[in-house]
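S.K.: Dock chain D against the given chain W, drawing on the hints supplied.
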Amino acid sequence: MPRRQMLVPGTGGVLYETAGGASTATIFELLTRSKAAQELRCEHGPDPSVLEPLRNVLVARGYMTAAYEPFAHVVPKWVFFDYDWRLDIRYSGKRLAEYLQAEAPNGDRWRLVAHSQGGLVVLAAARLLGEEVFARLVQSVSFVGVPFFGAVTALSALLYGTLLDNSIPPDVVRTWPSVYQMLPRWSIAKGNATRADLYLDATWMKAGLLSEPGTPVDHSRHIDRGLLGRARALLQATTTGYFEPLRKLDYIRIIQGNNLDTPFLLPQFPSAEGTVKVPGDSLVPDAFTRDKLPSWVQDEATIRRVPSSTHALLCSDPLVFELCQ
Amino acid sequence: MRSAPLPLALVLLLASAPALAQTPPPASVSEPIADSDGDGGADSADNCPLTENPSQQDSDADGAGDACDLCPLVPVDSGEHADADNDGVGDECDTCRLPNARDARGEQAPCPEAQSFSGWKDPNPLGRRLRFFIRPIALGYRYRGEWVGSTGLGLHVSGSIGEWRFDEKGTALRVPSWYWSAGLYGDSANLFAAGHLGPYAALDFRPLNWAPYARSWAKELKFGVGAQLLWAERVDGSLGQRPIQLGVGPRVGFLDILSVMPFAQFDLANDAALSWGGMLVFDFKVLEDLGVPMPK
Numbered sequence: 001m002p003r004r005q006m007l008v009p010g011t012g013g014v015l016y017e018t019a020g021g022a023s024t025a026t027i028f029e030l031l032t033r034s035k036a037a038q039e040l041r042c043e044h045g046p047d048p049s050v051l052e053p054l055r056n057v058l059v060a061r062g063y064m065t066a067a068y069e070p071f072a073h074v075v076p077k078w079v080f081f082d083y084d085w086r087l088d089i090r091y092s093g094k095r096l097a098e099y100l101q102a103e104a105p106n107g108d109r110w111r112l113v114a115h116s117q118g119g120l121v122v123l124a125a126a127r128l129l130g131e132e133v134f135a136r137l138v139q140s141v142s143f144v145g146v147p148f149f150g151a152v153t154a155l156s157a158l159l160y161g162t163l164l165d166n167s168i169p170p171d172v173v174r175t176w177p178s179v180y181q182m183l184p185r186w187s188i189a190k191g192n193a194t195r196a197d198l199y200l201d202a203t204w205m206k207a208g209l210l211s212e213p214g215t216p217v218d219h220s221r222h223i224d225r226g227l228l229g230r231a232r233a234l235l236q237a238t239t240t241g242y243f244e245p246l247r248k249l250d251y252i253r254i255i256q257g258n259n260l261d262t263p264f265l266l267p268q269f270p271s272a273e274g275t276v277k278v279p280g281d282s283l284v285p286d287a288f289t290r291d292k293l294p295s296w297v298q299d300e301a302t303i304r305r306v307p308s309s310t311h312a313l314l315c316s317d318p319l320v321f322e323l324c325q
Numbered sequence: 001m002r003s004a005p006l007p008l009a010l011v012l013l014l015a016s017a018p019a020l021a022q023t024p025p026p027a028s029v030s031e032p033i034a035d036s037d038g039d040g041g042a043d044s045a046d047n048c049p050l051t052e053n054p055s056q057q058d059s060d061a062d063g064a065g066d067a068c069d070l071c072p073l074v075p076v077d078s079g080e081h082a083d084a085d086n087d088g089v090g091d092e093c094d095t096c097r098l099p100n101a102r103d104a105r106g107e108q109a110p111c112p113e114a115q116s117f118s119g120w121k122d123p124n125p126l127g128r129r130l131r132f133f134i135r136p137i138a139l140g141y142r143y144r145g146e147w148v149g150s151t152g153l154g155l156h157v158s159g160s161i162g163e164w165r166f167d168e169k170g171t172a173l174r175v176p177s178w179y180w181s182a183g184l185y186g187d188s189a190n191l192f193a194a195g196h197l198g199p200y201a202a203l204d205f206r207p208l209n210w211a212p213y214a215r216s217w218a219k220e221l222k223f224g225v226g227a228q229l230l231w232a233e234r235v236d237g238s239l240g241q242r243p244i245q246l247g248v249g250p251r252v253g254f255l256d257i258l259s260v261m262p263f264a265q266f267d268l269a270n271d272a273a274l275s276w277g278g279m280l281v282f283d284f285k286v287l288e289d290l291g292v293p294m295p296k
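Chains W and D supply the protein sequences, listed in that same order. Going by the working numbering, the first sequence opens with residue 1, and the numbers climb by one from there. Going by the working numbering, the second sequence opens with residue 1, and the numbers climb by one from there.
Simulated from the structure, these hints should not be mistaken for laboratory data. Here the structure is a predicted model, which means the values were calculated and not measured. Even for Gly, the Cβ is constructed at its ideal location relative to N, Cα and C. Don't take each hint at face value.
[What the hints assert, rightly or not] Here are the computed lysine-lysine pairs in the DSSO-like style, where the Cα-Cα straight-line distance is at most 27 Å:
#1 94/W with 77/W
#2 219/D with 77/W
#3 219/D with 190/W
#4 248/W with 77/W
#5 292/W with 94/W
#6 277/W with 292/W
[Unchecked claim] Chain D stretches covered by chain W per the calculated footprint, using a threshold of three residues with CB under 8 Å from any CB of chain W:
#7 79-89
#8 98-104
#9 253-267
Isolated chain W (complex conformation) (with noise of 0.2 Å):
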C-alpha cells in the first residue's frame, strides 16, 4: 500500500473555478473582476445544522502555489484537498469525511497537513467520523499555523474587511460563515481572556453591528445574525473535548510561528484604536494557542515553534516542510 500524504490548505490558499469555468483564481484575483461582489457573496438559510450553502457560484479548484511550493516539488506526490474556505467549517469537515471515506480502500492511511483554516475542517471531519474511524482513515496530522482558539483577523475583516493584506468590500466577506466561525474566543476587550464575547449577540448588538431580530439584514452596515449562529453551534461542539477525536492518531503535531506581530486585543472594540500584540505567526497567538491546547497535547514532540514567515508562508517554510515529512 503506497504512503499517502494530502495537505489541507487555508483561508485564502485556494483557487476557484468561476461560472464560466475557464480560468482559476484567488479569491482575491477575483475580486477584481466585474460583478466580484455578486459572485463571491454566499447564501445560507437560516438553520444553523443545515451545512451546506444556498447559492454559491463558485467552485474550489487547486491551491496557491507559492503558498505550498515545497508541497508541490516533492516524490511521493502531496494531494490536495479543494475545499471552498469560506464556507461554514462543518460543511468543508463533512466533504473532507467523506474523501477519506471514499478514497479509503485504495491506499494506506494518510498523512494529514492542515495548514490554518484547514487544521479547522481536520478536526471537524474527525469529530464527525468519530476517533475509532478516523485513526483507521488517517495515520498523522501536522497542524501548521492552526488558529483552533480564533484570530483577531477574524475579526478585522467582519469589521473592515480586511482579511490577510487584502481588502474585501465588508458586505462579501460578512456573508462567508468560516469568518465568523474563527472569531477569537477569548475576550478581545479585556485582560481577562476567558469569556467568547464575540459570540454573543449582545456584544455586536451594543457596537451597533447586528440588527434587531426578525428585522432584515444589510451587510453593508451589520453582521450576519444567522452566521454568528453557526459560529455559536461550531463553538459549542468544541468547547470540551476539542481534540479527542485525535487521540488514536500515531501521532499529531502542532507547529507555529512566534516571531511576528500578532493582534490579540481591541480593547476600544469595535474601534481598532490601540490594539495590543502578542507573539505569533501574525494571525496565531502563539503562547496563548499553546497554553490553551489540552494538557495531553502539551507535549514537547507535539509542539513545535519555529522562527518564521507569515501565517500564509508559513507552509513555504524548508523548516516547517521538514517538520511536516
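M.R.: This is chain D only, laid out in the frame that chain W set:
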C-alpha cells in the same frame, strides 16, 4: 394685535409640554433584547449566555450557571475554572488530569491510562536500531610488491549514537545522525585455516536532521571511517612473523547495502610496514530493532 399669535403659541406650547414629557416611548422603539442562546434571558443577565438554561440554576452561587460551570459545586472567584485536559470538568473538581468527561448522570468515567506522544523511551542503551548483518566482503591490497586478495564473510552488529524520540506507536520523531558497527571477518569457514581473520569497526554519519540532506536522494548515502585489524595471509616467506594488518580509511555507503572503503594499513607484526588497498562490502540485514515495536 400683530404680536398676539406669539404669546398664544407660547401658551399652547407650555401647556402641552408636561404632557409630551410624560408620554411613554412607542413600543416599536423599545430596547432590543439580545439572547444568544434563546433561553429567554437577555445576554447581559444570563448566567450562561451561550448555553440554554431557562432555570438559571447556580448551585455554588459563583455567577456561572450550572449548565456552563465546569465545577457547579465549587465557587470560582472570577473568570472560569481551568480545565487543563479539556474534558469539560474543571481542574478543581476533576478526578483525573487526563480526559474523562461526565456522563449523562454527571459522573466521571474512570481515569484513563496515562499516555503521551513522546512518553515512549528507547529501552536499548546501544541505540534502537540495533541490527545484525551478514556482510560479504572482498578486499585487496598491495603489500611488498604483490597483490593480496581475500573474499569472505563478516558478521556484525550495528546501532546508533544519539537520542531517538518516538510517539507511542514507535514512529520516529527524532532520528540521530551517527551510527556505529562492529564485527568479525574471516575468509574461511574454518577460522584456524583463515588467510584473513579479525575484527573490524566503522563509524558512519547521516545528517538526517539536516533538511536539504533528508529531502534528497543523498539521504540514502552514509559517510564515515572504518578500521580493521586482520591476522593476514603470509605473502613473503622471509617474514619472521605472520602479518597483523591494521587498516584505516574513509568509507561511503549506499542504502545500507553496499559500501566502499579505500584504506592504508600497517603491518604491526613487521615494523609497521605500510601497504594500501580497498574493500567492497555488501550488507545483508538479518535482524533489526530487537525488543522494540517496529515503526509504522
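S.K.: All hints, please: hold or fail.
M.R.: Hint check:
1. 94/W with 77/W: holds (24 Å)
2. 219/D with 77/W: holds (19 Å)
3. 219/D with 190/W: violated (51 Å)
4. 248/W with 77/W: Holds, at roughly 26 Å.
5. 292/W with 94/W: holds (25 Å)
6. 277/W with 292/W: holds (18 Å)
7. 79-89: Result for this restraint: holds, n = 8.
8. 98-104: holds (count 3)
9. 253-267: That given contact is violated, which follows from only 0 residues of the region 253-267 of chain D lying within Cβ reach (below 8 Å) of chain W.
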